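*Asks:* In case you want the letters, here they are:
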Amino acid sequence: MQHFPCPFCGLRNETEFHFAVEAGHSRPEPAERVSDAEWAAYLYANKSPKGESREVWLHLSCGEYFILSRDTVTRAVLGSVTLPGVTR
Amino acid sequence: MKRYSALSLFREGLRAHRGWQPAWTKARPKPAYDAVVVGGGGHGLATAYYLARIHGINRVAVLEKGWIGGGNTGRNTTVCRSNYFYPESVALYDLALRLYEGLSRELNYNIMLSQRGMLIAAHTPAQMEICNRIANAMQLNNVDGKLMGPEEAAARVPLINTGPDARYKLMGGIWQGRAGTARHDAVAWAYARAASALGVDIIEGCEVAGIDVQNGAVAGVETTFGPIRTERLGLAAAGATPGLTAHVGVDLPIHDYALQAFVSEPVKPCLDTVLLYLGTGTYVSQSDKGELVFGGGLDRVPTHGQRGNLPVQEAVTAGLLEMFPAFGQLRLLRQWAGVVDVVPDSSPLIGPVGPSGLHINCGWGTGGFKAIPAGGWLLSHLMAKGEHHEISRPFDLDRFARGRLIDEAAGSGIAH
Numbered sequence: 001m002q003h004f005p006c007p008f009c010g011l012r013n014e015t016e017f018h019f020a021v022e023a024g025h026s027r028p029e030p031a032e033r034v035s036d037a038e039w040a041a042y043l044y045a046n047k048s049p050k051g052e053s054r055e056v057w058l059h060l061s062c063g064e065y066f067i068l069s070r071d072t073v074t075r076a077v078l079g080s081v082t083l084p085g086v087t088r
Numbered sequence: 001m002k003r004y005s006a007l008s009l010f011r012e013g014l015r016a017h018r019g020w021q022p023a024w025t026k027a028r029p030k031p032a033y034d035a036v037v038v039g040g041g042g043h044g045l046a047t048a049y050y051l052a053r054i055h056g057i058n059r060v061a062v063l064e065k066g067w068i069g070g071g072n073t074g075r076n077t078t079v080c081r082s083n084y085f086y087p088e089s090v091a092l093y094d095l096a097l098r099l100y101e102g103l104s105r106e107l108n109y110n111i112m113l114s115q116r117g118m119l120i121a122a123h124t125p126a127q128m129e130i131c132n133r134i135a136n137a138m139q140l141n142n143v144d145g146k147l148m149g150p151e152e153a154a155a156r157v158p159l160i161n162t163g164p165d166a167r168y169k170l171m172g173g174i175w176q177g178r179a180g181t182a183r184h185d186a187v188a189w190a191y192a193r194a195a196s197a198l199g200v201d202i203i204e205g206c207e208v209a210g211i212d213v214q215n216g217a218v219a220g221v222e223t224t225f226g227p228i229r230t231e232r233l234g235l236a237a238a239g240a241t242p243g244l245t246a247h248v249g250v251d252l253p254i255h256d257y258a259l260q261a262f263v264s265e266p267v268k269p270c271l272d273t274v275l276l277y278l279g280t281g282t283y284v285s286q287s288d289k290g291e292l293v294f295g296g297g298l299d300r301v302p303t304h305g306q307r308g309n310l311p312v313q314e315a316v317t318a319g320l321l322e323m324f325p326a327f328g329q330l331r332l333l334r335q336w337a338g339v340v341d342v343v344p345d346s347s348p349l350i351g352p353v354g355p356s357g358l359h360i361n362c363g364w365g366t367g368g369f370k371a372i373p374a375g376g377w378l379l380s381h382l383m384a385k386g387e388h389h390e391i392s393r394p395f396d397l398d399r400f401a402r403g404r405l406i407d408e409a410a411g412s413g414i415a416h
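Read top to bottom, the protein sequences are chains B and W.
Note that our numbering gives residue 47 to position 47 of the first sequence, counting from 1, and the numbers run on in steps of one.
Note that our numbering gives residue 216 to position 216 of the second sequence, counting from 1, and the numbers run on in steps of one.
For the record, the hints were derived by calculation from the structure and aren't laboratory data.
Just so you know, these numbers come straight off a predicted model, no measurement behind them.
You may find that some hints are simply not true.
[What the hints assert, rightly or not] A few chain B residues that face chain W, going by a derived Cβ cut-off under 8 angstroms, partial list only:
(1) M1
(2) Q2
(3) E14
(4) H18
(5) F19
(6) A23
(7) H25
(8) S26
(9) A40
(10) Y44
(11) A45
(12) E55
(13) T72
(14) V73
(15) R75
Even glycine gets a Cβ: it sits at the ideal position worked out from N, Cα and C.
Modelling step: build the complete structure from the supplied sequences, incorporating the hints.
*Replies:* The following block contains the structure:
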């Protein structure tokens, strides 16, 4: 069993967490000038990096989203931080 | 290529098997090819075979970074089926199943296709309604599928848990009689042998490090064996595909996850169908050697490592024992994982991307093995003609911008 660090709750069992999305997707604005292709890219396109990855995860137990840095080959956890603008 | 036959087997048996030849030639890369396929799994090898066989393009190379059939082709649970919901999906997967049905004969290689039937088992009236809906859809799409009642279903899987403590009662489900299993390694080896005989170069240990683009068109690939020129490039690299399209600045709607599989010690014949239990999400069949081959859902942690995590091992194994308490006496022989490329609508990506001359065939997620002949058929069509086959058209990457997703997670309950 692996343990992931929630910035709010500390180390918890991996089964308490849910992967949401790769970090770094910013919503294209303004909506009326966003093309279908840009919107599809925002919704769906990923890097799926091999190695270091920054991802948004949800800690199901406390309901908070946060950023988890991981190595996608070794599965090592490299760190976790709150989302920008979120304070503990 | 020497043909395999009962007579050749008999003759070789009499002379200590000294007359067999290597099934395919291990090639070194030439400077240029008419077409290059990246990925020496079933899909890539099938692509090369059909390029040569159907389209007459024989100067073809298959570049494989490891050994052929060593990725997901050698890591799956060998199930072939076409029990999907949407017409586009049934057309795609049934093309694969129909090609599988003739493959041993066409390739002169026994892929050990065993159409033992598959039951998707339901446990509630609501699940039975959904099963009925899928069975109706299959019949409308001219594929053999039917709703099976509780008695007939129980007779198909005699060891199923019917005790008073059973968490999920078997209420019946969807039956596809043409579904079954095939020898996964044999599929890769059969296509490799047939492709090699038609002049295809199969190059193992050759990793692609870059894609050369000139004037908006593919000009070649950079490999660990040096540059190779080609104007037709096909990617059939499953979980490694996003790393390849990154060379031309294309991001794909793919997340890579590990999918685990398990094999028990061999026992006498006790299960002669493929069974997927909706309650536990575990599926199982028995191999010709007697091993129980089983698996379940994805590890929900994005990864490129070919290893599984413990929570999923526990859930899948517990699911098997809930279905078949008698299997609790068995020991687990092996467990492994493959990296599967999962798309949000659980349907593959087939079509052109980036510079002209570049085509992909990926995003099969947990279901790539069953689709191998169709994946090869359609990618070879794209590479040879530069345009879609009518069956691959709906699976183009443009469906995301057009909002025309083919959501088989919603349609037929694919587990991802």
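*Asks:* Each hint should be assessed against the structure and marked as holding or not.
*Replies:* Outcome of the hint check:
1. M1: Cβ of M1 of chain B sits 5 angstroms from chain W, so the hint holds.
2. Q2: Given a least distance of 7 angstroms, the restraint on Q2 of chain B holds.
3. E14: 7 angstroms, holds
4. H18: 7 angstroms, holds
5. F19: Where the cut-off is 8 angstroms and the nearest Cβ of chain W is about 6 angstroms from F19 of chain B, the hint holds.
6. A23: For A23 of chain B, the interface hint is violated, since the closest Cβ of chain W sits about 12 angstroms away, which is over 8 angstroms.
7. H25: 10 angstroms, violated
8. S26: 14 angstroms, violated
9. A40: Status holds, d = 4 angstroms.
10. Y44: 4 angstroms, holds
11. A45: 4 angstroms, holds
12. E55: Check passed: Cβ of E55 of chain B comes within 7 angstroms of chain W, closer than 8 angstroms.
13. T72: 5 angstroms, holds
14. V73: 5 angstroms, holds
15. R75: 6 angstroms, holds
Taken one by one, the earlier hints fail for this structure at numbers 6, 7 and 8, listed in ascending order.
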